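J.: Quick note on our numbering: the first sequence kicks off at 1 and runs consecutively.
Because the hints were derived from the structure by calculation, they are not lab data.
Since the model is a prediction, treat every value here as computed from it, not as a measurement.
It is possible that some hints are incorrect.
Across the chosen pairs, the derived CB separations fall in these ranges [to be verified]:
#1 206 with 464: 57 to 63 Å
#2 205 with 231: 39 to 45 Å
#3 186 with 228: 26 to 32 Å
#4 272 with 354: 27 to 33 Å
#5 425 with 502: 22 to 28 Å
Straight-line alpha carbon distances no greater than 27 Å define the calculated DSS-like cross-link-like pairs of lysine-lysine that follow [to be verified]:
#6 29 with 45
#7 333 with 359
#8 171 with 149
#9 137 with 40
#10 191 with 318
#11 88 with 45
#12 50 with 12
#13 354 with 340
#14 45 with 134
#15 88 with 171
#16 12 with 134
#17 171 with 50
#18 198 with 260
Glycine included, C-beta positions come from ideal geometry on N, C-alpha and C.
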Amino acid sequence: MTQQTKEPVSAKESIRQTRIQKLAELADKGINPYPYAFDKDADAKDLQEKYKDLPAGEETEDFYSVAGRVMAIRNSGMFIDLMDTTGKIQIFSHKENMDPEMVKTLKLVDIGDILGFYGSIRRTPRGELSIKAKNFKMLSKSLLPLPNKQISEEKLEQLKMYHTMSDTETKYRQRYVDLIVNEKTRDTFRKRSLIIQKVREYLTNQGFLEVETPMLHTQASGANARPFITHHNALNMDLTLRIAPELHLKRLMVGGLSEKIFELSRCFRNEGIDTRHNPEFTMIELYQSYVDYNEMMVLTENLVAYVAQEVLGTTKIKYGDNDIDLTPPWDRKTMLGAIKEYTGVDFGEFFTPKEAYDKAKSMHVEVDEGMNWGQIVEAVFEAKVEPTLIQPVHILDYPREISPLAKVHRDNDRLTERFETRVNGWEIANAFSELTDPIDQRHRFEAQALAKANGDEEAMSIDEDYINALEYGLAPTGGMGMGIDRLVMLLTNSPTIRDVIAFPTLKKVEN
RNA sequence: GCGCUUGUAGCUCAGCAGGUAGAGCACUCCCCUUUUAAGGGAUAGGUCGCGCGUUCGAAUCGCGCCAAGCGCACCA
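When you get a sec, could you build the whole thing from the sequences and use the hints?
T.: Next comes the structure, spelled out in structure tokens:
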């Protein structure tokens, strides 16, 4: 290769060039660095388990082929740590055990390469289970350097970590590198998958039918949020990405598809981004005929407890500094009761927004003049009560004005039969005795439409077709929605939602 | 959208009363092969996020921009 003089070449690029050179050297040996398949017959974890009693220094005649990524090379290639998706196994590649040509080829191996090894099981005098390599096959040549292991003051624990990469931007933009390098990241996303699997399993076992409804809506509804707007060319019409699947799911309930349905749904809300919010997120919504919100509380608790037990083996979890006990039954407090409990003020005694507003003001809660009674109550709750709610608790009986899809409370027409479940202070579930009365639903929509006309960008508008569906008759129905990302955060002790979404939304970077 | 903080080698970081950059590991080469976060030796690697300004001189000071983190607002 011609040496281009003195243009500054980054270390990264020079490493890349070196490795591209090695591709050529491999080609000279007739080796394809990107072959089609490899016949592996063992995983690192299975071997570690199977030979856990093999004493240090012992050799066997048991041959296996393993494959994985080179994570460390020690002693000039004599010891290689190979990592597959189950774990790690050491390769012992002494030159006496391999043919000379293999030994030469081994010199072309870099950390990061994916290799297949064939050899016998032994445990080194040091006690490390190893594959005593007879030969190996290059399965994919890596051209870029991995983030390197650090020198460390923290000894033993550190020995298990090959590399580190803590730069958050790289973590999220190049998740593939984060995954290669950080066991915690791999663990989190494996748990995420398992959590979703267990949610599905629990509901399916309970007789729920999994359904799919549109993500492209002609009208955003089912929640209070601003939507993303897109355009369909052939139909020449704007569509919104769904902010919630709620109204479509209840249409299916009207149809009587099943007494129990659920959908795991990606939703999109055009709102701010922070440690608990990503513009696209995953929620589950479920509906069950002939039950009310009381049944939904039990279901919520049992579902979460089941998932925790299956995934973590316990319902007592630790999140940050908090010990959280997810064992059912969970606490229940009415919203007005909780406010009274924490502040001594009973907002149920105020019958006009003005009274509620004045009281909230005197309690130093930020409220606006235009707010209705329900909004003020909610603001007071969020300011005075919510931050203290660490253990799981269902907050019951939300004000009617802020719950346009929930049935009026059977004992108090200012309230609805709605609860939100708080864990670690976060809303993780929201559920109602679903509003099934088409006349009332129209009134609620009209109130929302009025708020929207008065500048509330997140208020709902009237969905005529949905009312039409309700007019055919919706059986008494309990419904519940749960934020899957937050559930995953909770069960994986993740401090930010970005740690549980593989590719969180980030700004595009212009080269 | 607002405020605060951060951005130096592949990674983790130091340098910042202004004098054109350092460390460890990684990389390259040599020695060493049942030695294991190996060891010994020698190299190489940087538009100091981007731009403008102040200055004889800017990684360092000022302004603007970009990106990220955290907080606030909005929301799940």
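J.: Against each hint, give a clear statement of whether it holds in the structure.
T.: Hints and how they fare:
1. 206 with 464: 57 to 63 Å: Given range 57 to 63 Å: violated, Cβ gap about 33 Å.
2. 205 with 231: 39 to 45 Å: holds, 42 Å
3. 186 with 228: 26 to 32 Å: Holds, since residue 186 and residue 228 (Cβ atoms, about 31 Å apart) stay within the stated range.
4. 272 with 354: 27 to 33 Å: holds, 31 Å
5. 425 with 502: 22 to 28 Å: holds, 25 Å
6. 29 with 45: violated, 33 Å
7. 333 with 359: The given pair, whose Cα atoms are some 22 Å apart, holds under the 27 Å limit.
8. 171 with 149: holds, 16 Å
9. 137 with 40: With Cα atoms ~11 Å apart, residue 137 and residue 40 stay inside 27 Å; holds.
10. 191 with 318: Satisfied, since the Cα-Cα distance of roughly 15 Å is no more than 27 Å.
11. 88 with 45: Distance of about 7 Å is within 27 Å: holds.
12. 50 with 12: Violated, at roughly 40 Å.
13. 354 with 340: holds, 19 Å
14. 45 with 134: Measuring from Cα to Cα gives roughly 21 Å; hence the hint holds.
15. 88 with 171: OK: residue 88 and residue 171 at ~22 Å, within 27 Å.
16. 12 with 134: At roughly 33 Å apart (the allowed maximum being 27 Å), residue 134 and residue 12 break the hint.
17. 171 with 50: violated, 35 Å
18. 198 with 260: At roughly 17 Å apart (the allowed maximum being 27 Å), residue 260 and residue 198 satisfy the hint.
Hint check: violations occur at hints 1, 6, 12, 16 and 17; the rest are consistent with the structure.
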